[in-house]
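Novice: Top to bottom, those sequences are chains C and G. Residues in the first sequence are numbered from 1 upward in steps of one, following this note's numbering. Residues in the second sequence are numbered from 1 upward in steps of one, following this note's numbering.
It is possible that some hints are incorrect.
Under the rule of at most 20 angstroms between Cα atoms (straight-line distance), these lysine to aspartate or glutamate pairs were calculated in the DMTMM-like manner [as the list claims (entries may be wrong)]:
id	chain 1	residue 1	chain 2	residue 2
1	G	Lys185	C	Asp2
2	G	Lys447	G	Asp400
3	G	Lys518	G	Asp551
4	C	Lys5	C	Glu32
5	G	Lys185	C	Glu32
6	G	Lys185	G	Glu196
7	G	Lys172	G	Glu196
8	G	Lys518	G	Asp572
9	G	Lys66	C	Glu24
10	G	Lys66	C	Asp21
11	G	Lys487	G	Glu466
12	C	Lys47	G	Glu433
13	G	Lys148	G	Asp400
14	G	Lys487	G	Asp502
15	G	Lys185	C	Glu59
16	G	Lys487	G	Glu476
17	C	Lys47	C	Glu59
18	G	Lys487	G	Asp413
19	C	Lys5	C	Glu64
20	C	Lys5	G	Asp551
21	G	Lys138	G	Asp128
Don't read these hints as lab results, they were simulated from the structure.
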Amino acid sequence: MDATKAYKNRIAQRLTTILIDAYEQQALDRHEISILATYIREEFLHKQFTDAQIFRFVEELAHEVPLFASLLADPQQQPVKNVNRHFLEQVAK
Amino acid sequence: MSIATFLNKWQNDAMSETGEAPLITLTREQRAQLRNDAKFVVMTEHTHGLTGRGVERVRLAREAVKTANFDAGLQEIVESPSDIVARARERLGEVGTTRNPTTHAREFSTEEKARHRRAETALTLVGDFVEKGYEGIKPDQQRALVDKLRSIFINHHVLGKGFSTDRAVQDKEIIAWIQDPLYAKVVATQLEKVNEIMFTNLSDIHAAAANRAESIGRENVTQDAEKRFRQAAERTRRSLRDLQDPNAAQNLPQNRTQRLLQDARDTRDEAQTEFNTAQADYTQVLQDHLAAGGTHRTALQDPTVMQAYNAVNAVRTTRDNANREFQVAQRHAYQQEQEQELEVREGELENRLEQQYERRDQARLAAARSPEEAAAARAAEQDLLSKRANEEALFARHLDNALGVAMRKSIADKLTQAVQTLEEVEPELLSEEIKDARKDVQDQMNKIFTTSVPRSRGLFKRPIMEQVRDQQKIDEHFTRLLADGPKDDIRTILAAKGYTPDTINELMDNDNFTDIIKPFYSKNVIAQRMLTRGIRPAEADLILKSSWGKDMIQQALEVNNEYRKVVQDLTDTEDIDMDKPEFRNRLAREVGNRPWLLLTIFPFLKAAWQAQTYDKRQTLTEQIAA
Chain C
1 MDATKAYKNR IAQRLTTILI DAYEQQALDR HEISILATYI REEFLHKQFT DAQIFRFVEE
61 LAHEVPLFAS LLADPQQQPV KNVNRHFLEQ VAK
Chain G
1 MSIATFLNKW QNDAMSETGE APLITLTREQ RAQLRNDAKF VVMTEHTHGL TGRGVERVRL
61 AREAVKTANF DAGLQEIVES PSDIVARARE RLGEVGTTRN PTTHAREFST EEKARHRRAE
121 TALTLVGDFV EKGYEGIKPD QQRALVDKLR SIFINHHVLG KGFSTDRAVQ DKEIIAWIQD
181 PLYAKVVATQ LEKVNEIMFT NLSDIHAAAA NRAESIGREN VTQDAEKRFR QAAERTRRSL
241 RDLQDPNAAQ NLPQNRTQRL LQDARDTRDE AQTEFNTAQA DYTQVLQDHL AAGGTHRTAL
301 QDPTVMQAYN AVNAVRTTRD NANREFQVAQ RHAYQQEQEQ ELEVREGELE NRLEQQYERR
361 DQARLAAARS PEEAAAARAA EQDLLSKRAN EEALFARHLD NALGVAMRKS IADKLTQAVQ
421 TLEEVEPELL SEEIKDARKD VQDQMNKIFT TSVPRSRGLF KRPIMEQVRD QQKIDEHFTR
481 LLADGPKDDI RTILAAKGYT PDTINELMDN DNFTDIIKPF YSKNVIAQRM LTRGIRPAEA
541 DLILKSSWGK DMIQQALEVN NEYRKVVQDL TDTEDIDMDK PEFRNRLARE VGNRPWLLLT
601 IFPFLKAAWQ AQTYDKRQTL TEQIAA
């Protein structure tokens, strides 16, 4: 699995978990959760993204829906490994 | 304007993004009432949790996430209104457990029929409303929906108070609430919750029914076997009794007795025939002798006649003996045979009886627990059926109530939103006049509590006038505050600032002003006293027991959870109620013993303490003013 796919999977896991938690704890209206879940499926899971696009998507989503703000607060979710990978690629050339 | 009218207007205006506008028109009492109403309504309406199918969905979604199938995980928690309605229709199809044993088609019992009808009627309206909205449903459905919700509005804790008695006006208001997009969403959510009511599996019920049938079958078999045994054993015993009867021979088979009798009769008849023949021969010979001129007397000398006569006698004796002997032998043989036969028969019957008892014992042993098992199986099936019936009844009831419950939730949500908006805009509701008056009081207090004293300063001891706290004035105000409360001194201060008596009365009658100025003045006086002489235990006690002191603590508790915690720790109770004399006494006792605890209860006193410590009097003034 390439690094971008792994990164996207990790984000997808966090997004899905946050939404399932919200559903379970009824933090949001179910209708809103349905809309968000559909949006994430169609606009994130079903699309090909670069690392930068993934980060932008998360940034915008967290801005619009504070429920996802923790994604940005957790340093593990920042594309740190992504930066390292580019750096390594450049160094390897 | 009533709360109901306000709320209705507010929700319409909120949609046009001018939600805060009607809030200005509310009086202080109405705002307080709105807050209290909202607390009550929100508390009573928002007490739901995830149940049944919702829990199952979460479980499936989490499992999908574990296997990195995020799409499926999200799909589990996505449900469009049409999906929700379709799912509810599926659930409706599941109502009823009775099936035709031959065709397996559903056959409703009376109760099931009633439940199904109730759920079906409700779902038709709810489903159509969720899918098509108020405008899309038929006029009679619109009518039914409005009528269904009418009692909710009339009896509502908040809306009922100002609800019109005019039916046309009622309809108009109800329709406005129904047409709110929020309501359709809440109805859909409610329907989803109804869908989450789990039904006990039919397969479990059928398995229990089969188990019950089998157990009852075993029980019946056992009962039948016992019955058969009793009958058979009785027959055997009766046969044995008959055999042991002295007249048992009479009970022997008739054909055998008849045959023996027939044999005896044949022998006797044969001997009789011989006797008759000899008798006839003798008669003929005697007739011939008489015909030949002889007499009866001479016949005795006639050898032919005598020979015939002797022949008759001989045959008679033979006949009688043979007959008697045959009959004796025949009877003997018959009795022998009868005894043997009876012996065999008795043995057979005893064996049979023994076998019957053995079989009975085996059957009893094998089916010793059949009745208990059957009872347990019956109870288990009944439990499942009752559970299922309750679930179906719950499904029908919740479906029937979905529109009403959703409306109550919708109203509660609106109330919450209204209160949130109120909290945001309320500070702006204070008029400029009130703000000015507060500033005047503050300025005047600064003047009252400070005085100029001559001091020498610097290397050359230059005489200067230094501003210091006027302890005497502070003591006077503090004493009056403890004795009479803050009201009179505030009036005096306002008068000193040039306010006319009418203006002062108007201000003091305005709760928006007094709510601010009384605590402000009291806090300021207590802080000044804290900075000069400190507060004695008896004074702390008076402060806490005074009505204005109680209000101040109450306000602090309402707005700040930290103070609430401090007070809870001080009094060692979570039941904080400043209206309870016991609680106030306890708090006063604690604080009276340790007046510095006031610092922890009143944040402004803490600021004063710090100001004294670090000599930041100017900062103190600002903090108190804030």
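Novice: Check the hint pairing G/Lys185 with G/Glu196 against an upper bound of 20 angstroms on the C-alpha distance.
Specialist: holds (17 angstroms)
Novice: Against the 20 angstroms threshold, does the CA-CA distance of G/Lys66 and C/Asp21 hold or violate the hint?
Specialist: Cα-Cα ~14 angstroms, so holds.
Novice: Verify the proposed pairing of G/Lys148 with G/Asp400, using a straight-line Cα cut of 20 angstroms.
Specialist: holds (10 angstroms)
Novice: Checking one constraint from the list: CA of G/Lys447 to CA of G/Asp400, max 20 angstroms. Satisfied?
Specialist: At roughly 69 angstroms apart (the allowed maximum being 20 angstroms), G/Asp400 and G/Lys447 break the hint.
Novice: For G/Lys518 and G/Asp572, compute the direct alpha-carbon distance and say whether it is at most 20 angstroms.
Specialist: Violated: G/Lys518 and G/Asp572 sit about 29 angstroms apart, past 20 angstroms.
Novice: Does G/Lys172 pair with G/Glu196 here, judged by a C-alpha cut-off of 20 angstroms?
Specialist: Not OK: G/Lys172 and G/Glu196 at ~34 angstroms, beyond 20 angstroms, violated.
Novice: Is the hinted pair G/Lys487 and G/Glu476 satisfied, with a Cα-Cα distance of at most 20 angstroms?
Specialist: holds (14 angstroms)
Novice: Take the C-alpha atoms of G/Lys487 and G/Asp413, compute the straight-line distance between them, and say whether it is at most 20 angstroms.
Specialist: violated (40 angstroms)
Novice: Between the alpha carbons of C/Lys5 and G/Asp551, is the straight-line distance 20 angstroms or under?
Specialist: Answer violated: C/Lys5 to G/Asp551 is near 61 angstroms, above 20 angstroms.
Novice: Given the proposed pairing of G/Lys66 with C/Glu24, does the C-alpha separation stay at or below 20 angstroms?
Specialist: At roughly 17 angstroms apart (the allowed maximum being 20 angstroms), C/Glu24 and G/Lys66 satisfy the hint.
Novice: With the threshold set at 20 angstroms, check whether the alpha-carbon distance from C/Lys5 to C/Glu64 stays at or below it.
Specialist: violated (24 angstroms)
Novice: Taking 20 angstroms as the top limit, are the C-alpha atoms of G/Lys185 and C/Glu59 close enough?
Specialist: Given pair G/Lys185, C/Glu59 is violated - Cα atoms ~28 angstroms apart, limit 20 angstroms.
In summary, the structure is inconsistent with hints 1, 2, 4, 7, 8, 11, 12, 15, 18, 19, 20 from the numbered list given earlier, while agreeing with the others.
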